[in-house]
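**Q** Spelled out, the chains give:
Protein chains: 2
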Amino acid sequence: MRLRHCLRKNKDDNTKKERVVILGSGWAGYALARTLDPAKFERVVISPRSYFVFTPLLASTAVGTLEFRTILEPVRRLPGIGFCQGWADDIDFRSKTVRVESNAADDPASKTVVPSDPVGPPGAAPKVKGEIFDISYDKLVIACGAYSQTFGIEGVREHAHFLRDIGDARRLRLRVLSLFEQCSYPSSSTDDSHQDTRPHLTDDDKRALLHFAIVGGGPTGIEYAAELHDLIYDDLATIYPDLLKFVRITVYDVAPKVLPMFDQALAKYAMDTFARQGIEVKTQHHLQRIRPADGHLGKEHGALRIKIQEYGDDEVSAGVVIWSTGLMANPLIQKLAGKEFVLPATAADPREPVDQQPAISRLSKDPRTGGLVTDAFLRAQQHTSSNDNGTKVTHLNDVFVIGDCAVIANDKTLPKTAQVASQQATHLAKRLNKGDVDKTTFKFRNWGTMTYLGSWKAIHQSSADELKGWIAWVFWRGAYLTKSMSVRNKLLVPVYWVVSWLFGRGISRF
Amino acid sequence: MRLRHCLRKNKDDNTKKERVVILGSGWAGYALARTLDPAKFERVVISPRSYFVFTPLLASTAVGTLEFRTILEPVRRLPGIGFCQGWADDIDFRSKTVRVESNAADDPASKTVVPSDPVGPPGAAPKVKGEIFDISYDKLVIACGAYSQTFGIEGVREHAHFLRDIGDARRLRLRVLSLFEQCSYPSSSTDDSHQDTRPHLTDDDKRALLHFAIVGGGPTGIEYAAELHDLIYDDLATIYPDLLKFVRITVYDVAPKVLPMFDQALAKYAMDTFARQGIEVKTQHHLQRIRPADGHLGKEHGALRIKIQEYGDDEVSAGVVIWSTGLMANPLIQKLAGKEFVLPATAADPREPVDQQPAISRLSKDPRTGGLVTDAFLRAQQHTSSNDNGTKVTHLNDVFVIGDCAVIANDKTLPKTAQVASQQATHLAKRLNKGDVDKTTFKFRNWGTMTYLGSWKAIHQSSADELKGWIAWVFWRGAYLTKSMSVRNKLLVPVYWVVSWLFGRGISRF
Numbered sequence: 003m004r005l006r007h008c009l010r011k012n013k014d015d016n017t018k019k020e021r022v023v024i025l026g027s028g029w030a031g032y033a034l035a036r037t038l039d040p041a042k043f044e045r046v047v048i049s050p051r052s053y054f055v056f057t058p059l060l061a062s063t064a065v066g067t068l069e070f071r072t073i074l075e076p077v078r079r080l081p082g083i084g085f086c087q088g089w090a091d092d093i094d095f096r097s098k099t100v101r102v103e104s105n106a107a108d109d110p111a112s113k114t115v116v117p118s119d120p121v122g123p124p125g126a127a128p129k130v131k132g133e134i135f136d137i138s139y140d141k142l143v144i145a146c147g148a149y150s151q152t153f154g155i156e157g158v159r160e161h162a163h164f165l166r167d168i169g170d171a172r173r174l175r176l177r178v179l180s181l182f183e184q185c186s187y188p189s190s191s192t193d194d195s196h197q198d199t200r201p202h203l204t205d206d207d208k209r210a211l212l213h214f215a216i217v218g219g220g221p222t223g224i225e226y227a228a229e230l231h232d233l234i235y236d237d238l239a240t241i242y243p244d245l246l247k248f249v250r251i252t253v254y255d256v257a258p259k260v261l262p263m264f265d266q267a268l269a270k271y272a273m274d275t276f277a278r279q280g281i282e283v284k285t286q287h288h289l290q291r292i293r294p295a296d297g298h299l300g301k302e303h304g305a306l307r308i309k310i311q312e313y314g315d316d317e318v319s320a321g322v323v324i325w326s327t328g329l330m331a332n333p334l335i336q337k338l339a340g341k342e343f344v345l346p347a348t349a350a351d352p353r354e355p356v357d358q359q360p361a362i363s364r365l366s367k368d369p370r371t372g373g374l375v376t377d378a379f380l381r382a383q384q385h386t387s388s389n390d391n392g393t394k395v396t397h398l399n400d401v402f403v404i405g406d407c408a409v410i411a412n413d414k415t416l417p418k419t420a421q422v423a424s425q426q427a428t429h430l431a432k433r434l435n436k437g438d439v440d441k442t443t444f445k446f447r448n449w450g451t452m453t454y455l456g457s458w459k460a461i462h463q464s465s466a467d468e469l470k471g472w473i474a475w476v477f478w479r480g481a482y483l484t485k486s487m488s489v490r491n492k493l494l495v496p497v498y499w500v501v502s503w504l505f506g507r508g509i510s511r512f
Numbered sequence: 003m004r005l006r007h008c009l010r011k012n013k014d015d016n017t018k019k020e021r022v023v024i025l026g027s028g029w030a031g032y033a034l035a036r037t038l039d040p041a042k043f044e045r046v047v048i049s050p051r052s053y054f055v056f057t058p059l060l061a062s063t064a065v066g067t068l069e070f071r072t073i074l075e076p077v078r079r080l081p082g083i084g085f086c087q088g089w090a091d092d093i094d095f096r097s098k099t100v101r102v103e104s105n106a107a108d109d110p111a112s113k114t115v116v117p118s119d120p121v122g123p124p125g126a127a128p129k130v131k132g133e134i135f136d137i138s139y140d141k142l143v144i145a146c147g148a149y150s151q152t153f154g155i156e157g158v159r160e161h162a163h164f165l166r167d168i169g170d171a172r173r174l175r176l177r178v179l180s181l182f183e184q185c186s187y188p189s190s191s192t193d194d195s196h197q198d199t200r201p202h203l204t205d206d207d208k209r210a211l212l213h214f215a216i217v218g219g220g221p222t223g224i225e226y227a228a229e230l231h232d233l234i235y236d237d238l239a240t241i242y243p244d245l246l247k248f249v250r251i252t253v254y255d256v257a258p259k260v261l262p263m264f265d266q267a268l269a270k271y272a273m274d275t276f277a278r279q280g281i282e283v284k285t286q287h288h289l290q291r292i293r294p295a296d297g298h299l300g301k302e303h304g305a306l307r308i309k310i311q312e313y314g315d316d317e318v319s320a321g322v323v324i325w326s327t328g329l330m331a332n333p334l335i336q337k338l339a340g341k342e343f344v345l346p347a348t349a350a351d352p353r354e355p356v357d358q359q360p361a362i363s364r365l366s367k368d369p370r371t372g373g374l375v376t377d378a379f380l381r382a383q384q385h386t387s388s389n390d391n392g393t394k395v396t397h398l399n400d401v402f403v404i405g406d407c408a409v410i411a412n413d414k415t416l417p418k419t420a421q422v423a424s425q426q427a428t429h430l431a432k433r434l435n436k437g438d439v440d441k442t443t444f445k446f447r448n449w450g451t452m453t454y455l456g457s458w459k460a461i462h463q464s465s466a467d468e469l470k471g472w473i474a475w476v477f478w479r480g481a482y483l484t485k486s487m488s489v490r491n492k493l494l495v496p497v498y499w500v501v502s503w504l505f506g507r508g509i510s511r512f
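For the protein sequence lines, the chains are A and B, in the order given.
Here the first sequence is numbered in this note's numbering, starting from 3 and rising by one per residue.
Here the second sequence is numbered in this note's numbering, starting from 3 and rising by one per residue.
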């Protein structure tokens with residue numbers, strides 16, 4: 003099938019099709035775009051990034067086991083897809099249009115954005131103001147995910163590394179490798195046959211720079227700690243043997259136990275594995291501030307100082323802080339949740355008299371997470387109030403919400419994971435394809451949870467079974483060659499696994 | 003063999019070895035470091051970048067046929083190598099030390115640096131001032147290459163793209179893909195079934211942005227034009243079919259003919275191939291200035307305006323200008339060439355009386371290229387003048403110059419190519435290994451020249467034979483799996499060739 007251009011329409015073919023506009027290209031939006039039948043719908047993806055990231059392997063790319071592009075799927079490689087790169091800035095539910103600010107001219111190495119102002123526009127302001135334009139829809143799927151939660155803690159936004167997008171992985175990889183290189187300059191030596199000058203970094207400086215602090219004991223934080231351990235002890239140990247004695251990896255979490263989604267036995271196995279590898283796990287520790295270290299260590303080497311409540315005024319030094327604590331609603335969702343709109347009187351309920359006082363609607367917001375509430379069919383829920391009728395809760399026609407930004411009214415406990423997002427997307431796409439969206443409610447089926455622990459060990463837990471050790475690791479690797487990947491990447495990922503195993507990880511700092 | 007750390011010395015083993023300090027990690031420096039016998043010498047590479055780039059495939063990475071890291075070889079993967087990342091800033095030939103400014107803390111995605119001031123420090127000033135330290139040597143090999151020649155033309159340094167380092171290739175790849183994305187936003191359409199707003203970019207704007215201007219008709223410029231043509235017509239054509247009509251690729255050169263190293267017949271074959279592909283070649287055109295376009299096209303989309311002497315005041319628009327015109331001496335070489343030094347009287351000539359007026363030396367500089375002159379054994383040549391003796395030309399003990407920064411006194415016609423650099427490096431390393439540096443002079447053996455022309459065609463010329471068309475292309479690809487690559491990359495490069503052929507080039511903008 004011939005690939006087609008952005009919004010271009012073949013008049014004989016597409017003008018009769020309904021246009022489904024999808025906001026987001028993550029697990030929810032991309033899976034929906036893939037599954038939706040191009041013969042029945044004109045599909046238009048609006049997303050600030052031009053690709054889908056296979057996030058479970060992000061930590062592997064951040065340590066050089068895999069090459070970055072092997073976990074990316076460009077949206078435009080989907081045959082017949084329409085794509086507009088930009089931030090969805092607002093939605094007019096009355097005229098059925100999405101306002102978009104283009105960002106294709108920005109720095110394309112996208113990274114996790116954290117809003118500087120809770121209800122403002124996306125935090126990392128684009129270098130140039132993009133063009134603003136409107137895209138109309140017949141059906142709209144809001145799948146634009148969530149932002150990293152920083153709890154407003156000082157310095158996190160400015161100084162911490164995140165691990166949610168491919169640009170994050172690249173920056174983190176460069177930073178870790180650069181820290182080792184910075185600590186490797188000629189050491190003071192008892193050998194006086196050469197007149198090398200004395201070093202600028204003391205052993206204490208190196209200890210500060212080679213402390214890797216991970217905040218958040220969920221699967222992302224734990225897997226990154228494990229992969230980082232492998233990188234350092236498999237690869238960097240042979241290149242910088244003198245620096246190993248300065249290395250420390252610490253995982254901080256506020257909860258009394260990490261990996262809350264695993265049962266006690268598996269979580270304990272994980273902690274025992276970490277203990278043997280020398281990775282420290284500090285539960286019930288509350289991070290209060292991150293700031294640059296004083297003097298040349300902070301200014302020239304980017305060292306950080308972390309204030310932890312339990313340690314009082316004794317700050318901890320680190321060369322890098324990886325932040326992975328949870329999610330919050332993104333600015334578009336916050337804006338939509340607070341916004342009042344008036345629909346044409348016939349749209350909400352055709353039985354209502356048209357000459358009445360216009361009813362004011364508002365999308366339902368989940369007070370705990372800030373997400374948008376849907377009914378069991380994944381349709382956006384609205385509260386409509388009119389002077390005479392009080393408030394009614396109905397669904398908004400042709401508007402769906404899936405993934406991290408959605409909360410199902412009768413099942414608010416679903417976690418914000420790739421699994422939930424992709425199952426919702428597949429469910430909705432199939433229903434739309436069949437034209438029976440209001441016939442079958444969404445049901446989550448837990449396929450189990452997996453986490454890599456380093457040294458070829460993993461844990462896996464589902465309702466049916468539990469696995470740990472290298473069998474779980476084999477399962478972990480196998481599971482990642484799923485249908486969410488293109489054939490291209492299904493070929494390349496195992497090639498890189500073999501190449502990294504044979505020759506070591508990619509350590510070139512680029 | 004166990005890998006060893008930077009300058010660390012195993013006292014039983016290394017203290018007796020001579021230390022060979024190598025400035026640079028390009029074709030000359032890296033090949034020398036690879037070939038020099040670690041059992042006989044302590045090898046220390048000083049280079050601002052931590053890897054060797056296999057430059058003949060740089061254009062392939064710039065269009066996504068190959069992944070960037072498949073053409074990088076980290077210096078630290080050489081067993082037993084010593085490495086200091088930094089700029090060699092000065093050399094004291096008397097005390098035999100190199101002054102280094104560290105740069106491991108800088109942005110590691112290195113790019114071509116062009117000095118802003120002819121004799122100043124490297125142009126792109128590091129974000130932080132690096133640490134300064136001295137490294138002593140027993141033998142020194144200067145192999146720090148050359149800079150891109152801009153002829154002082156206004157705007158080249160600020161607005162042109164270069165193609166000499168891996169960071170250049172990445173920026174160029176992102177820029178080209180971004181230009182297509184920027185031109186792809188919804189077009190004005192006769193279909194009014196959707197209320198999309200009108201576009202901001204006119205057809206003329208798109209024509210300006212999708213003009214790819216390549217300055218310099220040497221192999222780099224020609225190959226990039228060919229690879230860019232393949233990217234656009236093999237891959238982007240299916241994704242952005244409506245944009246093809248706006249695309250133009252133009253190669254500008256001041257000379258009456260491009261590819262001067264090929265004979266008339268092959269150069270004509272190249273031009274005929276380009277003509278069929280729609281690539282324009284404008285010889286005898288002199289670029290005089292590059293500036294940003296006016297208004298939103300320049301500010302928001304980065305469009306450029308090029309002034310060409312032959313066109314008078316009519317400027318040409320372009321979305322990107324690729325600059326590949328030649329080389330000039332880099333700042334260290336310029337500094338060394340102008341510098342006076344005094345050696346211990348015994349060093350230069352043991353027969354000279356010690357109590358004499360000290361003789362002032364100066365390295366010989368090639369007036370045409372600004373490079374350092376060597377004798378036929380690749381030893382740096384010096385002019386020494388003393389009051390009574392006049393000027394003598396001798397060689398400087400233990401200092402060698404190879405690669406783009408070297409000019410051999412009795413063979414000044416050698417081109418500045420990877421072939422010359424790597425042959426010089428291998429020659430010198432083998433002579434040092436054998437301890438007979440002054441026994442055999444360096445002789446260049448021409449292995450032939452190859453250039454890719456797009457559409458699976460290439461040309462190849464050597465003293466023995468000439469090839470053109472797809473046979474030359476097969477030869478071109480085969481020749482690139484040379485011994486200069488690690489086994490890792492010898493595996494990965496063909497994998498990517500196959501993957502790109504099967505599934506298209508990597509088009510994710512990252």
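One thing to keep in mind: the hints can contain errors.
It does not matter which identical chain is used: a pair holds within one copy or between any two.
Here are the simulated lysine-lysine pairs, DSSO-like style, with alpha carbons at most 30 Å apart [to be verified]:
{"no.": "1", "residue 1": "Lys367", "residue 2": "Lys141"}
{"no.": "2", "residue 1": "Lys418", "residue 2": "Lys270"}
{"no.": "3", "residue 1": "Lys459", "residue 2": "Lys247"}
{"no.": "4", "residue 1": "Lys247", "residue 2": "Lys18"}
{"no.": "5", "residue 1": "Lys259", "residue 2": "Lys436"}
{"no.": "6", "residue 1": "Lys301", "residue 2": "Lys414"}
{"no.": "7", "residue 1": "Lys394", "residue 2": "Lys301"}
{"no.": "8", "residue 1": "Lys19", "residue 2": "Lys247"}
{"no.": "9", "residue 1": "Lys309", "residue 2": "Lys141"}
{"no.": "10", "residue 1": "Lys441", "residue 2": "Lys259"}
{"no.": "11", "residue 1": "Lys301", "residue 2": "Lys418"}
{"no.": "12", "residue 1": "Lys309", "residue 2": "Lys445"}
{"no.": "13", "residue 1": "Lys141", "residue 2": "Lys470"}
{"no.": "14", "residue 1": "Lys445", "residue 2": "Lys337"}
{"no.": "15", "residue 1": "Lys459", "residue 2": "Lys19"}
{"no.": "16", "residue 1": "Lys42", "residue 2": "Lys284"}
{"no.": "17", "residue 1": "Lys141", "residue 2": "Lys247"}
{"no.": "18", "residue 1": "Lys492", "residue 2": "Lys341"}
None of these hints come from the bench; they were simulated from the model.
**Q** Could you run down the list of hints and mark each one as holding or not?
**A** Hint check results:
| no. | hint | result |
| --- | --- | --- |
| 1 | Lys367 / Lys141 | within (20 Å within a copy, 72 Å between copies) |
| 2 | Lys418 / Lys270 | within (24 Å within a copy, 62 Å between copies) |
| 3 | Lys459 / Lys247 | within (24 Å within a copy, 54 Å between copies) |
| 4 | Lys247 / Lys18 | between (68 Å within a copy, 28 Å between copies) |
| 5 | Lys259 / Lys436 | neither (45 Å within a copy, 63 Å between copies) |
| 6 | Lys301 / Lys414 | neither (46 Å within a copy, 47 Å between copies) |
| 7 | Lys394 / Lys301 | neither (57 Å within a copy, 49 Å between copies) |
| 8 | Lys19 / Lys247 | between (64 Å within a copy, 28 Å between copies) |
| 9 | Lys309 / Lys141 | neither (48 Å within a copy, 49 Å between copies) |
| 10 | Lys441 / Lys259 | neither (41 Å within a copy, 71 Å between copies) |
| 11 | Lys301 / Lys418 | neither (37 Å within a copy, 40 Å between copies) |
| 12 | Lys309 / Lys445 | neither (43 Å within a copy, 64 Å between copies) |
| 13 | Lys141 / Lys470 | neither (44 Å within a copy, 55 Å between copies) |
| 14 | Lys445 / Lys337 | within (28 Å within a copy, 72 Å between copies) |
| 15 | Lys459 / Lys19 | neither (49 Å within a copy, 43 Å between copies) |
| 16 | Lys42 / Lys284 | neither (53 Å within a copy, 49 Å between copies) |
| 17 | Lys141 / Lys247 | neither (58 Å within a copy, 33 Å between copies) |
| 18 | Lys492 / Lys341 | neither (43 Å within a copy, 57 Å between copies) |
Violated hints, in rising order: 5, 6, 7, 9, 10, 11, 12, 13, 15, 16, 17 and 18; the structure is consistent with all others.
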